[in-house]
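**Student:** Dock chain one against chain two, each of which comes alone in its own frame, and use the hints as you go.
Read top to bottom, the protein sequences are chains L and S. Using this note's numbering, the first residue of the first sequence is number 103, and each one after it goes up by one. Using this note's numbering, the first residue of the second sequence is number 156, and each one after it goes up by one.
Heads up, none of these hints are tricks.
Which chain L residues face chain S? A few, computed with CB under 10 Å, are given here:
1. Gln139
2. Asp158
3. Ala195
4. Thr202
What the hints contain is simulated information worked out from the structure, not anything from laboratory work. Where is the CB? At the ideal position from N, CA and C, for every residue including glycine.
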Amino acid sequence: EAGVVQSPRYKIIEKKQPVAFWCNPISGHNTLYWYLQNLGQGPELLIRYENEEAVDDSQLPKDRFSAERLKGVDSTLKIQPAELGDSAVYLCASSSVLGTGELFFGEGSRLTVL
Amino acid sequence: QKEVEQNSGPLSVPEGAIASLNCTYSDRGSQSFFWYRQYSGKSPELIMSIYSNGDKEDGRFTAQLNKASQYVSLLIRDSQPSDSATYLCAVFQAGTALIFGKGTTLSVSS
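The following block holds chain S by itself, in its conformation from the complex (with noise of 0.2 Å):
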């Protein structure tokens, strides 16, 4: 049973402060690691997208992979409010579909 583990949290972090969300997975075929947004109510978003091992920057979020280790993290640099949301971690292995894990419910008061 391939699994996706995520600490569902919820996370709360003050405004402008960094946000670390991580996430490992049991199968080492994995080939691609992903993060989607999704907000209350809301369908999720594709925000990062990680395939080899090291980091990955866009804006404010950062994305690490770890194959050694089977972990994946998101880095959220100047957490605003509007960064509220669950943040599921999400595993592609070729000849299968996307795995997701339950989400980690994120929190940035102001």
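Just chain L, with the same shape it has in the complex (with noise of 0.2 Å):
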């Protein structure tokens, strides 16, 4: 099986430029996450998905960040414009079952913003 795919690994641009992540959860899983992660600190969540819903974004900077989840499988996280402070892994994890915290997390998209 499969597990959570992220892409880009690395992505190197310089502030006010925008930036995308995508994430393709393990076949099956509903609830699909995005946490962002500063060296030296836990992952902290951005946005948490139940198929195509967003059910939690509270902690999303809209005025820059937006996700969307399209058909309730791949979703996508967009940064614009990006600052300084946005360098940090952006990472995605998924899981089977609702009320779980049993996550499965990507590999993590590495952000320097220059």
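**Tutor:** As structure tokens, this is what we get:
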């Protein structure tokens, strides 16, 4: 069974440029998460999807961040415009059962904003 | 604000020793508790889950939960250099997402 797939693995951009990250969850997993992880910190939730619906986006900085999960499968996280402080690892995770903490993470997308 | 607290370490133990990692959480409504292991430059992977008070053993790993004290711990017996990683404590409450601590870095020396 394929795991959670994320791309790109690495991205370097100038500040004020846009960037997008893509995630394909494990087949059959209805719940999808985007987490942000800064160096030396634990992952912090940005947004959680149940199928196509964003059920928790309270931590998503909506002035510059947006996300979508069309057809309840793949998801895209976008930042526009990027700021220096956005440099971090963006982790996508999925889970098969509603209401569980057993998450499967992708390899992450490391963003560097110059 | 729901919080999960961990000592960031580093925790250094010799090979073969017992490593003890601790975690406290603030939300008494928390229902499920997890330990994730994260190697440097890699993503977190689930190694233990515990749902009720007491101990749960899986190989060299034992998770301990005390809901009255809001305390979770992970014991690693016969520590190996391959156990060197950051261990993330995570807490789940129904209707919310998993909340992670900052992690404890474990270093096992041979």
